[in-house]
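Novice: Take a look at the letters that make up each chain.
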Amino acid sequence: MSAPLVEATGLEVERGGRPVLHGVDLTIGHGEGLALVGPNAAGKSTLVRTLAGLLRPRRGTVRLKGRLLSDWPREALARTVALVTPDDEAPPMLTVADRVMLGRYPHRGPLRPFTREDEEAVTRALRQTGIEALAGRRLGTLSAGERQLVLLARGLAQEPEVLLLDEPAAHLDIGHQLQLFRVVDQVRQCGVCVLAVIHDLQRAAAWAPRMALLHEGRLLADGRPRDVLVGEAAARSFGVAIRAHEVPETAEVVFRFLDREGSQETRG
Amino acid sequence: MTDARRRRTFLVLAIALPVVVTLGVSMGSVSLPPLGVARSLLAAVGVPLGGSAPLPPSSEAILWSVRLPRVLLAALVGGGLAVVGAALQSLFRNPMADAGLLGVGPGAALGAVVAVHLGWAHQVFLALPLCAFAGAMAAVVAVYLLAHAGGRPSLHGLLLTGLAVAALAAAGTSVLLVATEEFRVRTVLFWLAGGLEGRGWEHVRLGAVFILTGALALITLARPIDVLSLGEDEAAALSLPVHATRMAIFVLASLVAGPATALAGSVPFVGLVAPHALRPLVGGLARRLLPASFLAGAVLVVVADLAARTVSDRLDLPLGSVTAFVGAPYFLFALRTQEGRA
Numbered sequence: 000m001s002a003p004l005v006e007a008t009g010l011e012v013e014r015g016g017r018p019v020l021h022g023v024d025l026t027i028g029h030g031e032g033l034a035l036v037g038p039n040a041a042g043k044s045t046l047v048r049t050l051a052g053l054l055r056p057r058r059g060t061v062r063l064k065g066r067l068l069s070d071w072p073r074e075a076l077a078r079t080v081a082l083v084t085p086d087d088e089a090p091p092m093l094t095v096a097d098r099v100m101l102g103r104y105p106h107r108g109p110l111r112p113f114t115r116e117d118e119e120a121v122t123r124a125l126r127q128t129g130i131e132a133l134a135g136r137r138l139g140t141l142s143a144g145e146r147q148l149v150l151l152a153r154g155l156a157q158e159p160e161v162l163l164l165d166e167p168a169a170h171l172d173i174g175h176q177l178q179l180f181r182v183v184d185q186v187r188q189c190g191v192c193v194l195a196v197i198h199d200l201q202r203a204a205a206w207a208p209r210m211a212l213l214h215e216g217r218l219l220a221d222g223r224p225r226d227v228l229v230g231e232a233a234a235r236s237f238g239v240a241i242r243a244h245e246v247p248e249t250a251e252v253v254f255r256f257l258d259r260e261g262s263q264e265t266r267g
Numbered sequence: 000m001t002d003a004r005r006r007r008t009f010l011v012l013a014i015a016l017p018v019v020v021t022l023g024v025s026m027g028s029v030s031l032p033p034l035g036v037a038r039s040l041l042a043a044v045g046v047p048l049g050g051s052a053p054l055p056p057s058s059e060a061i062l063w064s065v066r067l068p069r070v071l072l073a074a075l076v077g078g079g080l081a082v083v084g085a086a087l088q089s090l091f092r093n094p095m096a097d098a099g100l101l102g103v104g105p106g107a108a109l110g111a112v113v114a115v116h117l118g119w120a121h122q123v124f125l126a127l128p129l130c131a132f133a134g135a136m137a138a139v140v141a142v143y144l145l146a147h148a149g150g151r152p153s154l155h156g157l158l159l160t161g162l163a164v165a166a167l168a169a170a171g172t173s174v175l176l177v178a179t180e181e182f183r184v185r186t187v188l189f190w191l192a193g194g195l196e197g198r199g200w201e202h203v204r205l206g207a208v209f210i211l212t213g214a215l216a217l218i219t220l221a222r223p224i225d226v227l228s229l230g231e232d233e234a235a236a237l238s239l240p241v242h243a244t245r246m247a248i249f250v251l252a253s254l255v256a257g258p259a260t261a262l263a264g265s266v267p268f269v270g271l272v273a274p275h276a277l278r279p280l281v282g283g284l285a286r287r288l289l290p291a292s293f294l295a296g297a298v299l300v301v302v303a304d305l306a307a308r309t310v311s312d313r314l315d316l317p318l319g320s321v322t323a324f325v326g327a328p329y330f331l332f333a334l335r336t337q338e339g340r341a
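Chains as they are written, first to last, in numbering that gives the first Met the number 0: chain A, 0 to 267; chain B, 0 to 341.
Looking at chain B on its own, in the form it has when it is part of the complex (with noise of 0.2 Å):
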């Protein structure tokens, strides 16, 4: 891979992002004109284009209190989700490692419906996170311990023992619904099947502090990623602190996932698609391969909500069903060539 392919994809991205933004918040049930968008949003960077106020009062309203906030979360939540892929990838040694597929996602969702059983969500601040945090971080561990029991486990015992993990949490949030009173299990409903409907700038402070502390932290991190990816022997002959690290990438990878679960339910093959898709582009190496991943997966993920608003008249589709739409096909693709390749 060459310097110049690494620079243009990084390009391609830096213009795609706010592109696909403009698109995101220009359309929708109610269509606002791109350009008049355009403007209004530079205007507010304090960027002027022209004299004149570029969209009416109610449209500038739908703009900013309807739809960018809900499409800023969904950059954040893809951007977060595509580094924690990216990082956990480089952790399990595994190219096919992912958020979801290693019972974080789930995990993240038994402790949201935690905290909405025990009434937390609707008194503690924060609480809602927190427990979204700590289901992740519970998860990941514990397919990392079970996974790591016998040796270094194949991609099959690594994927079957989160396919199990997630099982388990997905079992505890069944029986946690069915024990929660009634009026608490529309919200859990609502938000487990993943969306950004109703989100405000609440939301997208809330994910800014999570996500961005622990995407940028992730990344600040990309060297100890890389070494590690060499192997415990040879990260530890290296001077790693291998065990100190590891910690490290499974509390900010939580602190990413958890949350991102929290704000917008589960939203899978984010974290496995965009990193997949990159390594042919910027190559292996964490440094590029983190950032990249951030562009890319706020990309995807902007453009899986403005799929799930507009492909239909009547109703608007579950997030998570659109990124698992695509994701799903492109992660058997990927799983046929690794398992030819091995």
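So here's chain A without its partners, still in its complex pose (with noise of 0.2 Å):
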């Protein structure tokens, strides 16, 4: 058996000094879904960010296709492990089709010119994304949610096997939501691999076959989103409690949260 894509062995991270995640292990395969989710200051951005490798475990290891990720050279894990974040610090008189077009840094290094296999992952990055008509645009003219798809275009452009995604959906309508999750699908397909931390536990269940949840810097729960939600770990964790309600004479399963103090329901 081959080795799998990604795997974290005892992950111990200290961000400023303080120590955030304790011992995380974690394994995933080649077009591999994952919803990351987790209460606030669980420790999820950092654990994404060290599987990306801008952050150095102070104790275990990362292992990208069995390589220890300290000995990957830094082009070869940026084509293989794409980060898209949700906040976007580009230059606001940058075009959107620039913009992507910097995905393709990691392909091409400070020197070399771009050439038409650059500019043709550009342009399908935009056309699965659905940005076509926005690649000559000012990010500065486009609203958040906008922009979030321009930077989930730049993960796309870089053609990574690993996607990590922090928070994609936030800034994004229904409508946008649905269709970032599609186009992650449509990726996934093709046997890469991606890992999303999402707040919307609704949504995280709904597109995620498989879902690990993160508290206080430890893996509290891992497997299929409905044992994870329904089990005792993400009740603790999140102090609510969860019910699944199957839909009849469909397959899905709607989630309702209670707040545990004063009984109040949401559905979400």
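You may find that some hints are simply not true.
Chain A side only, calculated, beta carbon under 10 Å to chain B, not exhaustive [stated by the list, open to error]:
id : residue
1  : G52
2  : R73
3  : L93
4  : T94
5  : R98
6  : G102
7  : L110
8  : V253
9  : L257
Please keep in mind that the hints were generated in silico from the structure rather than gathered at the bench. Beta carbons: idealized from backbone N, C-alpha and C, even for Gly.
Join these two chains into a complex; the hints should help.
Specialist: In structure tokens:
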């Protein structure tokens, strides 16, 4: 059997001198879709950044295709793993096409000119994310949701094997959310593994075949979304009671979230 | 922005530069006929037009030994400072960053005054531009470290840090001036006001070596500069060595701005106005913005120097005051627009 695509073992990570992750083990294979959930300050962004090689673990290892992350040359790593974060700090005068083209940096480096292959990758990424029409627009003129799709397109233009998404749908309306997860599923079908931090538990459960629950730097549950969400660990870490209801005559499951204190109820 | 507008902008700049250089060498206390000047310049680069000598020998002397080196140096200084401005704006991810506002100019001045004070400037070859380079480098690194001490700085935080470092450098310059022997003070004061009086070919050669090398290297680094402008995390995730790239930009920016200040004194606002005005025309990518800024900065400073020489019959204005008279109002206007948007 070939090595898993991503394999984290006993990850301990500090940020600003404060320990954030306390021994996380996580394995993800080709074409897998994993939703990473957890309450605020659970360490989700830290885990994603560590898997991308931006943070060095104090203890433990991350292996990518069986090889230690620290042994990967920078460019090769950025051609294999793409990270899409929620904040876009790019200059407002850049056009969408320019922005997405910079995703080709790991393929061409500082000096080699961009080729037809790069242009095709950019066009493909713009088409997949449905923002071809925005190609010539400046970033400063886009809505927050549109900018988020531009960021995803930049990640896709990297043509990675691992796509790490931190809150990819935070600013998106429901139509764009569904579109985003459809795009993500398309790239998964091509063998790309996708790990996405998702706040909206209902959305996470609807999209992901697998869910991992992170709480205070520890992985408390990992499995089918339904099993993870109705488990005791999820109830404890979010401080709510979670009930699953099957929608009659469909395979869908709807979750209800009950505030334990005031017995208030919200339906996701 | 369309490709057509981008091409048109480059074309206009490429035509404007030789035109203003020709005007710059033609106008002054003694007027030379621009057509004769153009013919003489073209003949010198191997394009002879017409049989007779284009200019009388006295005019040729003024053209070649006085005007041309001065105008070429103005173009080099302007182009270099504009490229540095554009690069620093990407580095600080702030369209209002500028070598002058970040304390680079005052830092370079302090470095140069140290060289004069210690007598190195007269004894050691290249001591003046090298000390200016060191001063500029120290200032920009200080501003960067101080401003980023508490995370990514706001526009205000950045400008105020630059102001503080500039004030500190200026204070150091004043103290050194008081302590410097009188015969040397004149050289320094003359030079601090900013200007290109009495600059000859040796200055052009010096400027060409430092400024062209630095500016060309910055233009070569355009793509890393663009990736860096996306923010630290994204740049690192795209495989850019963030700290090495930043240091390279600091060194190259100081390599240009330090000697530019050593040769022409303080020439403020060029690095701000040129890239700011060009962004809507050529877009935000450094690959296009940096070369366009070089051309525009060169045009601006050649024109500013021409104005400094010709506005008054009786005296030459300091070059730095001319660029400040134009640049400061532009800066205030741009600041208001930017604040309005933020």
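Novice: Each hint should be assessed against the structure and marked as holding or not.
Specialist: Going through the hints against the structure:
1. G52: holds (8 Å)
2. R73: holds (4 Å)
3. L93: holds (4 Å)
4. T94: Holds - the Cβ of T94/A comes within 10 Å of chain B, reaching about 6 Å at its closest.
5. R98: holds (8 Å)
6. G102: At about 7 Å, which falls below the 10 Å cut-off, the nearest Cβ of chain B leaves the hint on G102/A intact, so it holds.
7. L110: This hint holds: L110/A lies near chain B, its Cβ roughly 7 Å from the closest one there, short of 10 Å.
8. V253: violated (36 Å)
9. L257: violated (37 Å)
Consistency with the previously given hints fails for numbers 8 and 9, ordered from lowest to highest.
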